[in-house]
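Asker: Kindly produce the complete structure, drawing on both the sequences and the hints.
Chains as they are written, first to last, in my numbering: chain W, 4 to 79; chain E, 16 to 365.
Quick caveat, the hints were computed from the structure, so don't treat them as lab data. Please note that a few of the clues may not be correct.
[What the hints assert, rightly or not] Partial pick of chain W residues on the chain E-facing surface, computed with a CB cut under 7 Å:
| # | residue |
| --- | --- |
| 1 | 42 |
| 2 | 46 |
| 3 | 52 |
| 4 | 54 |
Don't be surprised by glycine CBs; every beta carbon is placed ideally from N, CA and C.
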Amino acid sequence: MELQEFITNFANQFEETDSSVFTKDTIFKDLDEWSSLIALSIIAMVDEEYGVALKGDDIRSANTIEDLFEIVKSKK
Amino acid sequence: MAFLSIPNAAIAGISTCVPKQEEFCSEITLFSEEESSNFSKTTGVISRRVASPDICSSDLCYHAADKLLNNLQWDREEIECLVFVTQTPDYLLPATSPILQKRLGLSENCLALDISLGCSGYVYGLSVISSMLSHGNIKKGLLLAGDTISKTCSKNDKTTYPLFGDAGSATALEFQGGGNFLFNLKTDGSGSNVIKIEDGGFRNPTNYESFKEIKIDGGISRNKLQLILEGMDVFTFGISKAPASIKELSEHFELNLESVDYFIFHQANKFMNEKIRKKLNLPVEKVPYSIERFGNTSCATIPLTMVTEMKDKLENNRLFHIACGFGVGLSWGSVYFETNKIVVSDLVEI
Chain W
4 MELQEFITNF
14 ANQFEETDSS
24 VFTKDTIFKD
34 LDEWSSLIAL
44 SIIAMVDEEY
54 GVALKGDDIR
64 SANTIEDLFE
74 IVKSKK
Chain E
16 MAFLSIPNAA
26 IAGISTCVPK
36 QEEFCSEITL
46 FSEEESSNFS
56 KTTGVISRRV
66 ASPDICSSDL
76 CYHAADKLLN
86 NLQWDREEIE
96 CLVFVTQTPD
106 YLLPATSPIL
116 QKRLGLSENC
126 LALDISLGCS
136 GYVYGLSVIS
146 SMLSHGNIKK
156 GLLLAGDTIS
166 KTCSKNDKTT
176 YPLFGDAGSA
186 TALEFQGGGN
196 FLFNLKTDGS
206 GSNVIKIEDG
216 GFRNPTNYES
226 FKEIKIDGGI
236 SRNKLQLILE
246 GMDVFTFGIS
256 KAPASIKELS
266 EHFELNLESV
276 DYFIFHQANK
286 FMNEKIRKKL
296 NLPVEKVPYS
306 IERFGNTSCA
316 TIPLTMVTEM
326 KDKLENNRLF
336 HIACGFGVGL
346 SWGSVYFETN
356 KIVVSDLVEI
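Answerer: The following block contains the structure:
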């Protein structure tokens, strides 16, 4: 799996935040639009695109998008 | 694998009861206007029915059952089996089913038991009562499933309070040659913490600390006698286990999903349920929802959806259904069954 593709998939779950904001180092929980409902969209996206079941603790322990990418990669 | 094929039992009628008091998500002061609209858009919940302090789950089930028995014109003496599914019983003890047996005017020759399950409870309840009827010794039985989960939610917890509503149901079943229920039932207790009330049982008896409100996060404060819902974990569980459960059921029993008329899911939240529907490639018109007007009503969601969204169809047609319940336990199950022009009582409001 590719990091760049993961970032794009991640950014697609947001409606208002401009896609240029998202990089591997983005601390996603600091984004204004971040919410528990976006978190569910991320979990659904990871399930659909990568076949990985993320836990709440996985989302909680990740700070950057790359952190989450690594978690998904390790569970694949 | 807990696959069960239970012959010679069928549903004769179904009924549900909700409190009159309706509460809209837009009125919840915990939310800003934007949060409230986002919440309704995502979860599907626009309003719920909320029980006043003097209405218990057993009251809702009693009124549903009383109406159904009158509509069916069943002789109450003939009912020899009562199963009550709830996680909000009248008392710690005795079980609530004997109280309902007496109140409904059923005879002493009636076995009665409680089952403590939530979201999966209706499917599990059907498996227990159909098994009991299947032998042919007991000819008529009542499955009552209901909860007043709103009473367990902290009003300061935006993850639970706006989501849950209260409802009770009654399903009348009878011994009938040819009827057949097919089940796939599963359990994963490693997830027992994700939907939980910590104190008030015998592991952690109620103590002074139990009443102290604790701030968990923004918009989430509750005490230890109130419901915890780890939304992300439940979501991951639901979108993986529910579709898998139905796939396993259809593969094991060689069912053609295209010939199933309705897929009646536990109404968890619409976002999750839509993911499940899409994973199974089910058309929208085969997957009814009642969550908009009633919220997540725990073990009552499946019969409530049947009564409020499918009444005419159930009364006038022979139909094939798959129902799937999933949640607290963690516990989940799916069932394939047929209904043939059953009695469906009008929704009771108290």
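Asker: Would you mind marking each hint as holding or not holding in the structure?
Answerer: Now the hints, each set against the structure:
1. 42: holds (6 Å)
2. 46: Interface hint status for residue 46 of chain W: holds (6 Å vs cutoff 7 Å).
3. 52: violated (13 Å)
4. 54: This interface hint is violated because 10 Å lies over the 7 Å limit.
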